[in-house]
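J.: Residues per chain are reported as follows:
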Amino acid sequence: MEYIQQLFDQFFGTEWGAMLFSLATNMTFIFAIVVPLLLGVAYLTFAERKIIAYMQIRVGPNRVTFFGIPWLRGWGQPIADAVKAIMKEIVIPTNANKFLFILAPVLTIMPALAAWAVVPFSPEVVLADINAGLLYILAMTSMGIYGVIIAGWASNSKYAFLGAMRSAAQVVSYELAMGFALVCVLMMSQSLNLGDIVNGQQGGSMLNWYLIPLFPMFLVYLISGVAETNRAPFDVAEGESEIVAGFHVDYSGMAFTVFFLAEYANIILVATLTSLLFLGGWLPPLDVAPLNMIPGFLWLLFKIAFVLFFFLWFRATFPRYRYDQIMRLGWKIFIPITLIWIVVIGLIMQLPETAKEIFPLNLWF
Amino acid sequence: MIFQDIIFYIFAAILIASALGVITARNPVYSALLLVLAFVTCAGIWLLLEAEFLAITLVLVYVGAVMVLFLFVVMMLDINLDQLREGFWKWFPFGALIALVMVAEIAMVLMGNHFGLEQMPAPEPQAADYSNTKELGRVLYTEYVYAFELAAVLLLVAMVAAIALTLREREDKKSPNPSHQVSVKKEDRLRIVEMPSEKKE
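Protein chains in written order, with our numbering: chain W, 1 to 365; chain B, 1001 to 1201.
Simulated from the structure, these hints should not be mistaken for laboratory data. A few of these clues could be false.
[To be verified] Per the computed footprint, the stretches of chain B lying under chain W, defined by three or more beta-carbons under 8 Å from a beta-carbon of chain W, are: (1) 1005 to 1019; (2) 1044 to 1052.
[Stated by the list, open to error] Partial list, derived from the structure: chain B residues whose beta carbon lies under 7 Å from chain W: (3) Leu1060; (4) Ala1065; (5) Ser1131; (6) Leu1136; (7) Ala1147; (8) Asn1177; (9) Pro1178.
[Claimed, not checked] Mimicking SDA-like on lysine to any residue, the simulated pairs with C-alpha atoms at most 20 Å apart in a straight line are: (10) B:Lys1090 with B:Leu1100; (11) W:Lys50 with W:Met254; (12) W:Lys332 with B:Leu1156; (13) W:Lys98 with B:Ser1031; (14) W:Lys98 with B:Gly1021; (15) B:Lys1134 with W:Ser191; (16) W:Lys158 with B:Val1073; (17) W:Lys332 with B:Ile1163; (18) W:Lys356 with W:Val344; (19) W:Lys158 with B:Val1182; (20) W:Lys332 with B:Thr1041; (21) B:Lys1134 with B:Glu1050; (22) B:Lys1134 with W:Ile130; (23) B:Lys1185 with W:Tyr321; (24) W:Lys332 with B:Glu1050; (25) W:Lys332 with B:Ser1179; (26) W:Lys98 with B:Ile1163; (27) B:Lys1134 with W:Asp129; (28) B:Lys1134 with W:Lys356; (29) B:Lys1185 with W:Val344; (30) B:Lys1173 with W:Asp81; (31) W:Lys332 with B:Val1160; (32) B:Lys1134 with W:Leu186; (33) W:Lys84 with W:Arg63; (34) W:Lys158 with B:Val1074; (35) W:Lys98 with B:Arg1026; (36) W:Lys98 with W:Val344; (37) W:Lys158 with W:Lys84; (38) W:Lys158 with B:Leu1077; (39) W:Lys158 with B:Phe1072; (40) W:Lys50 with W:Gln10.
Just so it is clear, the structure is predicted and the values come from calculations on it, not from any experiment. Just so it is clear, CB atoms sit at the ideal spot from N, CA and C, and this is done for glycine as well.
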């Protein structure tokens, strides 16, 4: 690393060299996050098709392979899908607003990728180690809705517009519950920095994870995450039985794929945040010899995959919610639960030290 | 810092252009979207001032929630532009007065040296580990707690008033009761009838 920095200094002089060096390292880091993320998205779609297929006693994609290797059958499917999407024509409807029609997918994928800037992958590996990391992620995920609304409006189609309206109302409602659930987390960790939040859950075993004292918040966060990403059973924004495909009904080719990529990138983001905030991030479940020798990064990946499985499982299990019931769940059930839990956590934090030791509350507080 | 100056001027140019666009765009949806752009660039300028909590909250609250609902309403309404422009000359003196007050205020800020700015030195730049959020929270909940709670009560009153003004109980509405629907048992809806199978002739 220092050798490369010296090379930069020699080539561009000390002033420009330092600036260009930090630019180059940041760009490398961004690529090191985005490329595996997009690959992860591709293979998440494959995992989804396979897992749902097995849950429905089917086989799922089992043809496309690499170099004719028989035991890789099906693994080439996401790549083939991507190539197909790139080759297809992007049809712009005659009465659509062309500028906004093209802008909408861009506005969807931008926050979905930008939010990853503050996600820590292990204690040291993070692109931007900022104090207000959690707030930044909330701000970024809340911006993703613009792509959906603009897509629905610019398509100049009733189906698309209805899908966009549904999605906007749903995301704004669940954002509140999500935000309140996160307030509980940051009350306990007393930090908005994601790395500090994970470090606050350290202590030898999985009993110290925020999952246990904040179990209701974990459920609220996970379910709100499913609703925020417009996934089944909350996918009324797409609702193919009523409004064809919702906000992206008029999109084709790569423009549609960008929406698709953003949705799955958001799913992975929610799974990652759930692992970091509630499941102890890169910490092993038990701090003993065979478990703590596995690198933290692998633990984080394992937890992300575990949460992602729930997303796929939900889709295979539950029928779609009715729209008024989605609203009722968000406003009348989740928000009161989170408000009560904030008060409970606040009261526990104000208990005297001796009381915390009698109940084993000093594990977390 | 020359780099920060360049970024500031870029943000400021985008902010002014988008703010002009908000009031000149013919399509109200464009106006709303340009207002979003103005908020985001404004957040960028606040970040340059090291007010990261305020900047992110601006994006979170105004861009993420308020403007979404605003856009929602603007897209749903069938706005007649001619009707909107009708009262222009009637309200022009009032608008001009507000604009004059704002210009005067901005002038006082920009010409601060004539109004005793040197009595208030620029704040010291903070260390990297300084948490804006923590400091703001501490001040807000200790020194300014009454003002903070007054503002909260004011917002609550506004919210209750808005709901009370717009809530209309219709006599003929047939809204379902989800909690009743969810708690329905099989026995309430379904009657299982025993039917002996018939012998084939």
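J.: Next step is simple, just say for each hint if it's right about the structure.
T.: Now the hints, each set against the structure:
1. 1005 to 1019: Violated - the region 1005 to 1019 of chain B has 0 residues with a Cβ nearer than 8 Å to chain W, which falls short of three.
2. 1044 to 1052: violated (count 1)
3. Leu1060: With a minimum Cβ separation of about 4 Å from chain W (threshold 7 Å), the hint on B:Leu1060 holds.
4. Ala1065: For B:Ala1065, the interface hint holds, since the closest Cβ of chain W sits about 6 Å away, which is under 7 Å.
5. Ser1131: 5 Å, holds
6. Leu1136: 11 Å, violated
7. Ala1147: 22 Å, violated
8. Asn1177: 10 Å, violated
9. Pro1178: 5 Å, holds
10. B:Lys1090 with B:Leu1100: 17 Å, holds
11. W:Lys50 with W:Met254: Distance ~23 Å between W:Lys50 and W:Met254 Cα, so the pair is violated.
12. W:Lys332 with B:Leu1156: Holds, at roughly 18 Å.
13. W:Lys98 with B:Ser1031: 17 Å, holds
14. W:Lys98 with B:Gly1021: 19 Å, holds
15. B:Lys1134 with W:Ser191: 9 Å, holds
16. W:Lys158 with B:Val1073: The given pair, whose Cα atoms are some 16 Å apart, holds under the 20 Å limit.
17. W:Lys332 with B:Ile1163: With a Cα-Cα distance of about 16 Å, the restraint between W:Lys332 and B:Ile1163 holds, given a limit of 20 Å.
18. W:Lys356 with W:Val344: 14 Å, holds
19. W:Lys158 with B:Val1182: 31 Å, violated
20. W:Lys332 with B:Thr1041: Distance ~35 Å between W:Lys332 and B:Thr1041 Cα, so the pair is violated.
21. B:Lys1134 with B:Glu1050: Judged against 20 Å, a Cα distance of about 14 Å means the pair holds.
22. B:Lys1134 with W:Ile130: 13 Å, holds
23. B:Lys1185 with W:Tyr321: 19 Å, holds
24. W:Lys332 with B:Glu1050: With Cα atoms ~38 Å apart, W:Lys332 and B:Glu1050 exceed 20 Å; violated.
25. W:Lys332 with B:Ser1179: Roughly 11 Å separates the two Cα atoms, so the pair holds.
26. W:Lys98 with B:Ile1163: With Cα atoms ~38 Å apart, W:Lys98 and B:Ile1163 exceed 20 Å; violated.
27. B:Lys1134 with W:Asp129: Holds, because 16 Å separates the two Cα atoms, which is no more than 20 Å.
28. B:Lys1134 with W:Lys356: Distance ~25 Å between B:Lys1134 and W:Lys356 Cα, so the pair is violated.
29. B:Lys1185 with W:Val344: 34 Å, violated
30. B:Lys1173 with W:Asp81: Violated - the C-alpha atoms of W:Asp81 and B:Lys1173 are around 48 Å apart, more than 20 Å.
31. W:Lys332 with B:Val1160: This hinted pair holds, its Cα atoms lying about 17 Å apart.
32. B:Lys1134 with W:Leu186: 12 Å, holds
33. W:Lys84 with W:Arg63: 15 Å, holds
34. W:Lys158 with B:Val1074: Judged against 20 Å, a Cα distance of about 16 Å means the pair holds.
35. W:Lys98 with B:Arg1026: Answer holds: W:Lys98 to B:Arg1026 is near 17 Å, not above 20 Å.
36. W:Lys98 with W:Val344: 51 Å, violated
37. W:Lys158 with W:Lys84: 28 Å, violated
38. W:Lys158 with B:Leu1077: Holds, because 14 Å separates the two Cα atoms, which is no more than 20 Å.
39. W:Lys158 with B:Phe1072: 14 Å, holds
40. W:Lys50 with W:Gln10: 53 Å, violated
Checked against the numbered hints given earlier, this structure breaks hints 1, 2, 6, 7, 8, 11, 19, 20, 24, 26, 28, 29, 30, 36, 37, 40; the rest are met.
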